[in-house]
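Visitor: Sequence:
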Amino acid sequence: MLYTEPHAGTLPITQVIAQAHHLVAIVAYEIDAPEILDAIRGAVRHGVTVQVIIAPHPQGRPVGWARAEFRRLVAAGAQVRWSPYRFTHHYAREHARYLIDDDGHGPGLISDANLTRHALTHGRDMLWLSHEPTVIRALAEVFDADWTRQHVGAVPRRILMVSPSKSRPLARLLSQPGAVDLESRKFGYLPRVIHALEHKGREARVILPASLSAYDHGNLKSMLHAGVQVRYLRDLTPHGTVIAGNTLGFIGSQNLSWSSLHSSRDVGIILHGRSTAPLRAEFDRDWRRASPVA
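For what it's worth, this note's numbering labels the leading residue of the sequence shown as 30, then goes sequentially.
Honestly, the hints are just simulated from the structure, not real lab data. Predicted, not measured: the structure shown is a model, and the values here were computed from it. A few of these clues could be false.
In silico SDA-like cross-links for lysine to any residue, where the CA-CA straight-line distance does not exceed 20 Å [as the list claims (entries may be wrong)]: (1) K195 with D315; (2) K195 with G182; (3) K250 with A323; (4) K195 with Q205; (5) K250 with D264; (6) K195 with I299; (7) K250 with L265; (8) K250 with R231; (9) K250 with S159; (10) K195 with S286; (11) K250 with W287; (12) K250 with P220; (13) K250 with G302; (14) K250 with G217; (15) K250 with T276; (16) K195 with G230; (17) K195 with S292; (18) K250 with H228; (19) K250 with V322; (20) K195 with G207; (21) K195 with R260; (22) K195 with T177; (23) K250 with L262; (24) K195 with S320; (25) K195 with V184; (26) K195 with Y218; (27) K250 with H224; (28) K195 with L262; (29) K195 with H119; (30) K195 with G217.
Just the calculated beta-carbon pair ranges, DEER-fashion [to be verified]: (31) L253 with A104: 25 to 35 Å; (32) H301 with G230: 45 to 55 Å; (33) G247 with T150: 30 to 40 Å.
Cβ atoms here follow ideal geometry from the backbone N, Cα and C, with glycine treated the same way.
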């Protein structure tokens, strides 16, 4: 089931937390939404263990912000750990956002949204609620690996798109038959992704934030020349990447940048068949209010 921000607010997240019977596992780049902290307190009061992994150095935050965030979560009753050390420097971050209930036996929520009040009220983000056992178990394995400072094995990577990885899986999604839509926060120099879109030409539509950097804007030139349709969204900013095609879709925290795909921890889900229809419907809404690239 698809939820979109800022319309859904915190409800999808707080509902998943409230449904847990034994354990809630949360991975978030950052958390400060009061409603989510309240939901964590409520779960703990009902005897549910809440485990949270957060990033120690979220980009753009002042010194001490993450430690205050850590203390708030502990005060709410959560067990909190920083992301593994290998995901704590400037070019490698704990950037995934997902929740799972009861060690993979309840629902799971995969998101590209930060769990902050600002992101959930001003961001253009999408969340996918899954009840598919194989997906939930794969998320649980990724969480357990990061919680215990181990490496993620091969099994979850067959079900989910888990970074660090390569750009090839995203390029394959963009190369599926028929028209394809892409919405992302960044557009770094990723030759496989660029070539896949160039090959699509006018069958490809791309939405990027109006705040896109000059460097990323420069990476659009060959695509625009190939006929790819590109528009800028000015009022809302996505935090991850969404792909919608005729047969395959994708929602993930991955950004289209070398560091996100090759160095950072990101998680996304590939959707099949009818599940892609709501993604395209949401993309169409954004497309209508976005502005063509000059």
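Visitor: The structure should be examined with respect to each hint, and the outcome stated for every one.
Guide: Hints, one by one, checked against the model:
Restraint check for K195 and D315: the C-alpha separation of about 28 Å exceeds 20 Å, so the hint is violated. Proximity of K195 to G182 is assessed by CA-CA distance (about 16 Å); at most 20 Å being required, the pair is judged to hold. Restraint check for K250 and A323: satisfied, since their Cα atoms lie roughly 11 Å apart, inside the 20 Å limit. Between K195 and Q205, the direct Cα distance comes to roughly 18 Å. Compliance with the 20 Å bound is thereby established for this hinted pair.
Distance hint between K250 and D264 is unfulfilled; the C-alpha atoms sit about 24 Å from each other, more than 20 Å. Pair hint K195 plus I299 holds up; C-alpha atoms about 15 Å apart against a cutoff of 20 Å. The hinted pair formed by K250 and L265 fails the criterion: a straight-line CA distance of about 23 Å is larger than 20 Å. Under the criterion of a C-alpha separation no larger than 20 Å, the hint pairing K250 with R231 is consistent with the structure, at around 14 Å.
Distance check on the hinted pair: K250 and S159 sit about 37 Å apart at the alpha-carbon level, beyond 20 Å; violated. At roughly 11 Å between alpha-carbon atoms, K195 and S286 fall within 20 Å of each other, so this suggested pair holds. Annotation: proposed proximity of K250 to W287 holds, straight-line Cα distance about 18 Å (limit 20 Å). Pair hint K250 plus P220 holds up; C-alpha atoms about 13 Å apart against a cutoff of 20 Å.
A distance of roughly 32 Å separates the Cα atoms of K250 and G302; the hinted pair therefore is violated under the 20 Å criterion. Under the criterion of a C-alpha separation no larger than 20 Å, the hint pairing K250 with G217 is consistent with the structure, at around 12 Å. Distance restraint check for K250 and T276: the Cα-Cα separation of roughly 28 Å exceeds the 20 Å cut-off, and the hinted pair is therefore not satisfied. For a cut-off of 20 Å, the pair hint linking K195 to G230 is broken: about 23 Å separates their Cα positions.
A distance of roughly 9 Å separates the Cα atoms of K195 and S292; the hinted pair therefore holds under the 20 Å criterion. Proximity of K250 to H228 is assessed by CA-CA distance (about 14 Å); at most 20 Å being required, the pair is judged to hold. Pair hint K250 plus V322 holds up; C-alpha atoms about 11 Å apart against a cutoff of 20 Å. For the hint linking K195 to G207, the alpha-carbon distance of about 23 Å lies beyond 20 Å, and the restraint is violated.
Taking the CA atoms of K195 and R260, the gap is near 26 Å; set against the 20 Å cutoff, the hint is violated. Our distance criterion of 20 Å between C-alpha atoms is broken by K195 and T177, whose separation comes to about 24 Å. Restraint check for K250 and L262: the C-alpha separation of about 18 Å stays at or below 20 Å, so the hint holds. Distance check on the hinted pair: K195 and S320 sit about 31 Å apart at the alpha-carbon level, beyond 20 Å; violated.
A distance of roughly 17 Å separates the Cα atoms of K195 and V184; the hinted pair therefore holds under the 20 Å criterion. Our distance criterion of 20 Å between C-alpha atoms is met by K195 and Y218, whose separation comes to about 13 Å. The straight-line distance between the Cα atoms of K250 and H224 is roughly 12 Å, inside the 20 Å bound, and the hint therefore holds. Distance restraint check for K195 and L262: the Cα-Cα separation of roughly 27 Å exceeds the 20 Å cut-off, and the hinted pair is therefore not satisfied.
In summary, the hint linking K195 to H119 is supported, as the alpha carbons are separated by about 19 Å, within the 20 Å threshold. At most 20 Å may separate the alpha-carbon atoms for a hinted pair to count; K195 and G217 meet this at roughly 13 Å. For L253 and A104, the hinted distance range of 25 to 35 Å is not satisfied, since their beta carbons lie about 50 Å from each other. Between H301 and G230 the Cβ separation comes to about 25 Å, which falls outside the hinted range of 45 to 55 Å.
Checked against the given bound of 30 to 40 Å, the beta carbons of G247 and T150, roughly 32 Å apart, stay inside it.
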